[in-house]
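There are 2 protein chains.
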Amino acid sequence: MKKTNNYFVVDPWKIVETKFDKNRVKYSESIFSIGNGYMGQRANFEEDYSGDTFQGSYIGGVYYPDKTKVGWWKIGYPEYFAKVLNAPNWIGVSIKVNEESLDLNKCNVKNFQRELDMQKGVYKRKVQLILKNGIELSVEVTRFISLNENSLGAIEYKILAINNNCQILIEPYIDSNIINEDSNWDDSFWKIESLKKTKLFSAIISKTNKTKFEVCTYMANKLFYEKKAVDPLPISIKSKSKISQSFKINIKKGKILTLNKIGGYIKAKENISKNLIDQAKEIVDKYLKFDFDDLLKIQIESWKKIWDVSDVKIDGDVNAQQAIRFNIFHLNQTYSGKDPELNIGPKGFTGEKYGGSTYWDTEAFCLPFYMLTKKQSVSKNLLKYRYFQLDKAIENAKKLGFDKGAALFPMVTMNGEECHNEWEITFEEIHRNGAIAYAIYNYVRFTNDFNYINEMGIEVLIAISRFWAQRFSFSNDKNKYVILGVTGPNEYENNVNNNWYTNYIARWCLIFTKKQIIKIQNFYPNDFSRIAKKTNWNLNEFKLWDKIIKNTYLPYSNEKEVFLQQDGFLDKELIKANKLKLTDRPINQNWSWDRILRSVFIKQADVLQGFYFFSEDFSLDELKKNYEFYEPFTLHESSLSPSIHSILSSRLGLIDDAYHLYLQTSRLDLDDYNQELDEGLHITSMAGTWLAIIEGFAGMKINDDTIHFKNNLPDKWKSLSFKIYVRGSLLQINLSKIHNNYIWEDKSTLKIIIKGK
Amino acid sequence: MKKTNNYFVVDPWKIVETKFDKNRVKYSESIFSIGNGYMGQRANFEEDYSGDTFQGSYIGGVYYPDKTKVGWWKIGYPEYFAKVLNAPNWIGVSIKVNEESLDLNKCNVKNFQRELDMQKGVYKRKVQLILKNGIELSVEVTRFISLNENSLGAIEYKILAINNNCQILIEPYIDSNIINEDSNWDDSFWKIESLKKTKLFSAIISKTNKTKFEVCTYMANKLFYEKKAVDPLPISIKSKSKISQSFKINIKKGKILTLNKIGGYIKAKENISKNLIDQAKEIVDKYLKFDFDDLLKIQIESWKKIWDVSDVKIDGDVNAQQAIRFNIFHLNQTYSGKDPELNIGPKGFTGEKYGGSTYWDTEAFCLPFYMLTKKQSVSKNLLKYRYFQLDKAIENAKKLGFDKGAALFPMVTMNGEECHNEWEITFEEIHRNGAIAYAIYNYVRFTNDFNYINEMGIEVLIAISRFWAQRFSFSNDKNKYVILGVTGPNEYENNVNNNWYTNYIARWCLIFTKKQIIKIQNFYPNDFSRIAKKTNWNLNEFKLWDKIIKNTYLPYSNEKEVFLQQDGFLDKELIKANKLKLTDRPINQNWSWDRILRSVFIKQADVLQGFYFFSEDFSLDELKKNYEFYEPFTLHESSLSPSIHSILSSRLGLIDDAYHLYLQTSRLDLDDYNQELDEGLHITSMAGTWLAIIEGFAGMKINDDTIHFKNNLPDKWKSLSFKIYVRGSLLQINLSKIHNNYIWEDKSTLKIIIKGK
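Heads up: the protein sequence lines correspond to chains A and B, in order.
Reminder that position 236 of the first sequence reads as 523 in our numbering, one-by-one numbering, no gaps.
Reminder that position 565 of the second sequence reads as 852 in our numbering, one-by-one numbering, no gaps.
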């Protein structure tokens, strides 16, 4: 397994690259991505680059319903699926030096460095280069996307002439002629409505085809020669899709030319009537007059507020420190919780893969992070997102043959409609319904905001439980209720019978929903009437639920004393992962799909995912047996896997395992474990990393040699203070200051101290 | 279930349509398709038609490697898959009457009739119509594709002016600008190389993109007014893709204009150096001078030779008679056995669906038809087709992780490469390997041509058996060899463990191959050395084979006393097909895929397919139990299904069932049971129909009340003479004259007499 450990400089607050490697450009473009929850930008170069690159600019919630194309159409497939769309380019700056294009792919790069300062939320690049024509330059670029102003990005582009006078043609531009990397076919997604240039700024209004998202891409520029403002040449419309601002200037050896560019996107919203051009003008009016350094100060302050409430300090292992901050940084770049229509895409604003933005990752992995580090409305927004899509989930279930208000939430979605089109996932990976119910439980357990269930959640719970009640079938052969034909969290199995995790969480949904209904009936009779009417609820439905709850089939091996991932699991050859050749891994890049399916190897926690969610239902001994059985078969080729194993090994006191797995999950992208960094980052798994500390390490209570398993963590977090050892080092966690409003104060920073090695 | 029974006139030799129904045009285009094993043509109208139509002209073996496009790429998928290509149009005749286009979609059709005369191999259409401009015409078209001359098609197009004098512009043309119906994307497949017009004829040379098949589409025309030849207007090139020949002529009321058009395709072949234009010229020189009626005579004679050796006569039920002839007719139109590179596509020359031409249908269903009704070289060619593709099958297996000469033949292919791209089929429907081995056994059993095994077949058998030996794995839990993760013949199950049929035929392959190796070793030592060297054979390989043979897991229910289609089959709800609502059927057009998968319903014979192949291995009692268990769950939504069930019910003496299922399979397309006739015919299943008689009815030996199960039919066919009853009627079969050379003589026609009702 090729890894890229140590490629980036290890630093507690920064990610630093010190080499220019053309083969790694796409990788670093992912790592150095920036965003503000509203828009985002891969670390593409501003200037033209003819080498291998993956251009990516994204606007939250903007998608295109691409036509589903499959080998063999199956009833129930969504006709369209939402693609995350590459947005128009706002960062571009074309440069010619004595008529030669500045293109890092074609010139001699003498020095190259870039860094992402996570504390400040700023991305910097320094390059020293010699053009073919002999001109040597130093280029220094600083870029950020404002945390403060949704639609604002800012660039400072400095050019120093090192060895000669030269003539520079500098052309900042915006361009709406863009394509998607993640597209098998060559549809155009954006229709350009109009190009607008004023004295001050330029803008392109474009609309997505079909979805009709209207977006204004704008820019405004200032140029300085040795800090003295230069009058710009007129703005010109270059083509149907492009507006440039051209400056031609002679600069002397040793002198610096500085371009300040601001730009970004304004997305039309129903509740804002002001036209997009006027909105752009307002932003330009407000921010163009600022010095770049002043803008930067605001950015640094904004990030300080984030770090004050969500930093995790790890002393003693800079690798671990850098990694957790990298994860927290990207989680904050991806989702701010301001807009209830947005969610947390698996690639955030760093890539296009997976189409759609919302997976079960949100509920199963991300919720706790936002629950603990943001105000309550943020995590509630995540729940409401599903509530508002309930009708579509009911419609989705109907398409698959379910009725009477049963809901199946989509595997992945943008607007509530299913966006996935593989039958084994779309139709069969139904456990996602369970995580959505679990998130309601988790939220209420933590916040005590039972009203959410009264007001909204119960409708979701009833619809999900109705789905399960219909999806179970009765096996005469087993004399039990079974669930046939599913794909569990471990996607290295498809269409299996009685996936233990799915059966377990399905039954749990019935139990939990029933409790809530009874509670509402007893204590909130008015709500009960309203809900019963709206959902057409009939108490007789409990009869079938009760039968299922009492008689759910949960595959178990008496011989191995473990729950079985699914029927027939023990027919496999039980080869351990450490027997695999390194050249076989990751198996999803080396093995045919059938070979993967019939192998014993597990992509991500499956039975163990259930142990994580329902830790209170099992003894430590049961956890130990199942962990010891499944961990050796688990390849962690899903980014969501090592975090769960890390948490469980923490609970088992397997400190080495927990720490090793923590590093694996937290440095997944930094060290490119899964060899797919070029496609973007694994944003949702970053929340898992955070869980590995908060629900993992922090859940270990070690007093000398004694390990106490800490169940039901959230309830007790408020007065927690203890030390733990990791890899033989003291690891100290202080959670005592998490305050009542469920937001971490600046003094409540989680602190982990690792002493010695 | 909507059916179209009785839409076509029932006639022993003809298929007749008497109505013009715009909604049924695509359906009838399939039914009335014609072909000669080298090229084929759907029953598209010659003149322009603006209504709903599916234009289809096909050339045997011409394909395009279309890019595989899937939702989620998986290792081992073929990068390209072969699409059957729609070929340039050679039949077109544009007509204008007093400047108005003759278009059945736009005029008043007073009478409409078409018929396919299967005895003569001729397709006719008569239309009486009134144009918008008031002109009334009678149009009579006769068309055939020569059985005698591979590249020759002929059309006689007659126009009678009924109510007025009128001016007719008649423009026969050829056109290479065509698209595929069965294409999700809009690639162009044909590149036009050159357009050629001579005095006598016109031709377009076009090449398929990528595959570079070079084809000459040609035509030559003669025009007659009241049987008097008319000088043609010059040939003109109409566009980059089209050549027309225009005639404008005034015809008097009551007079007839007759166009004779010949045309078709010449495919470039490596062993023919003569250029395509010269070949076209040769054909035109030879046949243009013939009267149309003389050409027709040759055609009728050619078909007489076919019918003399392959007719099945059924007296007493014209439905049944028409159906079996329709099937025999199309089997002969699809595959002539002349060209060893061609095979029998599931849609023949009647549609494009399924891409690729060769499925396991060839070996499992079609082989016996060609074996009995053609000379031996024809069925041998079908076996050699696979032998010549063995290297690619080994390569294919390698891609999936198998080694040491193991072969997995593709699920569907044109050139030996896999053309299918659904993992559950491509990678998992591996039982196809078994049918390919079985065909070798079947061929040798019938012909006693053991040399085929010596010379070629054994290499295929060894490679297939090596695949099985690697594909079995040992289950400690079951203490048996198992096959995990397969799709059986019943494609309404995917990725199951231990499909009984697959396990059974896999084990049989090992047993059969071992026997052949030992026989060769003992009796043909020279061959043995050669083969051992070529295949790197090691007798030690038998060790594992023996272990597997002795210890193969074959799922069985003690309670039900049946073999189980797969592990976990009895966990399903055992609902019988007759409990389904009619609106649910066919379920593949009404249910989501997951619902189909977890239901008990069976698409096509699976366990029973095994009972059909290996009838000698099981008692009649075992057959009865399994038939009675599985038949009620079987929906026959695969065209390949009812024939097998018909054969087995014949064996069980279930006469009503056998006859009902025979009608279902034989009239599948005529009555459009599966509601997909518009896409083309089910050619390979037509061979199953034939089997239902030859191995089914003919296998029943009824003497008063006694039914004798007739095993191992082929060996005894030579002196067979008996009567059987069907549906209370006497059904007499006389197979006594099948002669020694394995070709039916004209006197050996199979005769079935159904008396009374």
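Hints should not be assumed to be uniformly reliable.
Each pair may be met inside one copy or between any two copies, as identical chains are not told apart.
Said to hold, decoys possible - Straight line, CA to CA, 30 Å or less: simulated DSBU-like cross-link-like pairs of lysine-lysine:
| # | residue 1 | residue 2 |
| --- | --- | --- |
| 1 | Lys868 | Lys686 |
| 2 | Lys514 | Lys486 |
| 3 | Lys863 | Lys361 |
| 4 | Lys419 | Lys561 |
| 5 | Lys868 | Lys691 |
| 6 | Lys393 | Lys691 |
| 7 | Lys834 | Lys868 |
| 8 | Lys767 | Lys868 |
| 9 | Lys765 | Lys662 |
| 10 | Lys397 | Lys911 |
| 11 | Lys863 | Lys686 |
| 12 | Lys806 | Lys576 |
| 13 | Lys863 | Lys837 |
Simulated from the structure, these hints should not be mistaken for laboratory data.
The hints, checked one at a time:
no.	hint	verdict
1	Lys868 / Lys686	between (44 Å within a copy, 17 Å between copies)
2	Lys514 / Lys486	within (22 Å within a copy, 81 Å between copies)
3	Lys863 / Lys361	between (36 Å within a copy, 23 Å between copies)
4	Lys419 / Lys561	neither (49 Å within a copy, 56 Å between copies)
5	Lys868 / Lys691	between (51 Å within a copy, 19 Å between copies)
6	Lys393 / Lys691	neither (64 Å within a copy, 47 Å between copies)
7	Lys834 / Lys868	between (47 Å within a copy, 27 Å between copies)
8	Lys767 / Lys868	between (41 Å within a copy, 27 Å between copies)
9	Lys765 / Lys662	neither (48 Å within a copy, 55 Å between copies)
10	Lys397 / Lys911	neither (54 Å within a copy, 82 Å between copies)
11	Lys863 / Lys686	between (41 Å within a copy, 23 Å between copies)
12	Lys806 / Lys576	neither (58 Å within a copy, 94 Å between copies)
13	Lys863 / Lys837	between (35 Å within a copy, 28 Å between copies)
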